[in-house]
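Engineer: Sequence:
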Amino acid sequence: MKYFAIGLFLGTLINFLPIFNFETGIAVFPEWTGSISKNGEIRTSPFIESGKADFIIDSANSFLKIDTSGHTNKVKSFDDSILHNLSGNGKYYITYEKIGNEIAFYNSDDEIFWKHVTPQYPYLSYNGKFILLLIADLSGVIIIDSNSNSTGAGEISGKLLNSIYLTQENDYASVGFIDGSYYALNAKGEIIYAGSCGKDYSVKTTAMSPNGKYIIVHYGSEKNDGAIMTDLEKSKSYNLPITGVHLTKTAVCITDEGCFSIIDGSKILTSEINSKKVISINIPEQIPGECSITFHKNLFYAVFRTTGGSAVYAYDASGNVVFSKIFPEEQFLQQKFADNSLILRGIDNLFCYTFLN
Numbered sequence: 001m002k003y004f005a006i007g008l009f010l011g012t013l014i015n016f017l018p019i020f021n022f023e024t025g026i027a028v029f030p031e032w033t034g035s036i037s038k039n040g041e042i043r044t045s046p047f048i049e050s051g052k053a054d055f056i057i058d059s060a061n062s063f064l065k066i067d068t069s070g071h072t073n074k075v076k077s078f079d080d081s082i083l084h085n086l087s088g089n090g091k092y093y094i095t096y097e098k099i100g101n102e103i104a105f106y107n108s109d110d111e112i113f114w115k116h117v118t119p120q121y122p123y124l125s126y127n128g129k130f131i132l133l134l135i136a137d138l139s140g141v142i143i144i145d146s147n148s149n150s151t152g153a154g155e156i157s158g159k160l161l162n163s164i165y166l167t168q169e170n171d172y173a174s175v176g177f178i179d180g181s182y183y184a185l186n187a188k189g190e191i192i193y194a195g196s197c198g199k200d201y202s203v204k205t206t207a208m209s210p211n212g213k214y215i216i217v218h219y220g221s222e223k224n225d226g227a228i229m230t231d232l233e234k235s236k237s238y239n240l241p242i243t244g245v246h247l248t249k250t251a252v253c254i255t256d257e258g259c260f261s262i263i264d265g266s267k268i269l270t271s272e273i274n275s276k277k278v279i280s281i282n283i284p285e286q287i288p289g290e291c292s293i294t295f296h297k298n299l300f301y302a303v304f305r306t307t308g309g310s311a312v313y314a315y316d317a318s319g320n321v322v323f324s325k326i327f328p329e330e331q332f333l334q335q336k337f338a339d340n341s342l343i344l345r346g347i348d349n350l351f352c353y354t355f356l357n
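Per this note's numbering, the sequence shown starts with residue 1, numbered consecutively.
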């Protein structure tokens, strides 16, 4: 029994051992694992860092506020008849009815600012400066400000809206339609760029840089795909290489400096600043499902479905992979960041890692 206990302890310790990448000088510490259904019940690492920042973890009828050391600081629950949408910074949320037409805007202290009667689905910008209301027939979005007044362009219309993207850190947004049209919005809800990938192509995915200087669009048809990046200050566009045909959406990302990254089947494409060279990273074949790429503190983080589970890859713009892992039991992974830490959220499980130079 004594040896079994020692083996169990050593096995647990090995699971939490840091991973060091000599090429980049970055160490990855597995910090803790947890459960959403058990209100953030955490199994911590012996190498745990003190909690310096908070994650806001969203689920169907609640959200959790958990710090980077794994302590649950707040649990907010909602009635089963109510859905909700959080701002990216976690300071505001909107509730809306499963059956009904009322939405309500709150701050994180649960103080209500207003109620609004509308059948549209709300998307809240990162700092809560504006809300995009998705029209029920997917013909466009209505734009309102944090006081529920019409703002900026007021409304954007097209044929079947297929992409809504809200930036991290700042309040920019992009939307795209299957008729090939796409738009970039600033924090006032004003259109700062309107483009088209052609009548023969549909917009599949859009993304913007947090500073609002770049937009990237993945588009295609049933036969071929493409991607285009636009420098909004210079109104100059660049075609990006995609070799695969994606019948569903794939993930794209663009940084404040104009570095891009795209998941393209069995590889990830990325580029360095001011470089025309495209770098390819081999990955397990992507299959249809939830996927995303986020750029945080000099690293790209890609999550995607693959045969046998979901995968995460962390890498720099030069293509150096710092960390990769497949989670066999997870049908999807979502990612959030706080300070130097990454949290991966599956159907019920939470996994926290810290990245240190």
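Mixed in with the good hints, there may be bad ones.
In silico BS3-like cross-links for lysine-lysine, where the CA-CA straight-line distance does not exceed 30 Å [as the list claims (entries may be wrong)]:
#, residue 1, residue 2
1, 249, 297
2, 236, 276
3, 52, 159
4, 223, 297
5, 277, 267
6, 223, 188
DEER-style ranges, computed between Cβ atoms [as the list claims (entries may be wrong)]:
#, residue 1, residue 2, range
7, 154, 73, 15 to 23 Å
8, 74, 277, 43 to 51 Å
9, 77, 100, 14 to 22 Å
10, 248, 159, 38 to 46 Å
11, 318, 248, 42 to 50 Å
Honestly, the hints are just simulated from the structure, not real lab data.
On a predicted model such as this, the values are computed, not experimentally measured, just so you know.
Glycine included, C-beta positions come from ideal geometry on N, C-alpha and C.
Engineer: Each hint should be assessed against the structure and marked as holding or not.
Structural biologist: Going down the list of hints, with the structure as the test:
no.	hint	result
1	249 with 297	holds (26 Å)
2	236 with 276	holds (15 Å)
3	52 with 159	violated (45 Å)
4	223 with 297	violated (37 Å)
5	277 with 267	holds (15 Å)
6	223 with 188	violated (38 Å)
7	154 with 73: 15 to 23 Å	violated (39 Å)
8	74 with 277: 43 to 51 Å	holds (46 Å)
9	77 with 100: 14 to 22 Å	holds (19 Å)
10	248 with 159: 38 to 46 Å	violated (19 Å)
11	318 with 248: 42 to 50 Å	violated (29 Å)
Of the numbered hints stated above, those contradicted by the structure are hints 3, 4, 6, 7, 10, 11, listed in ascending order.
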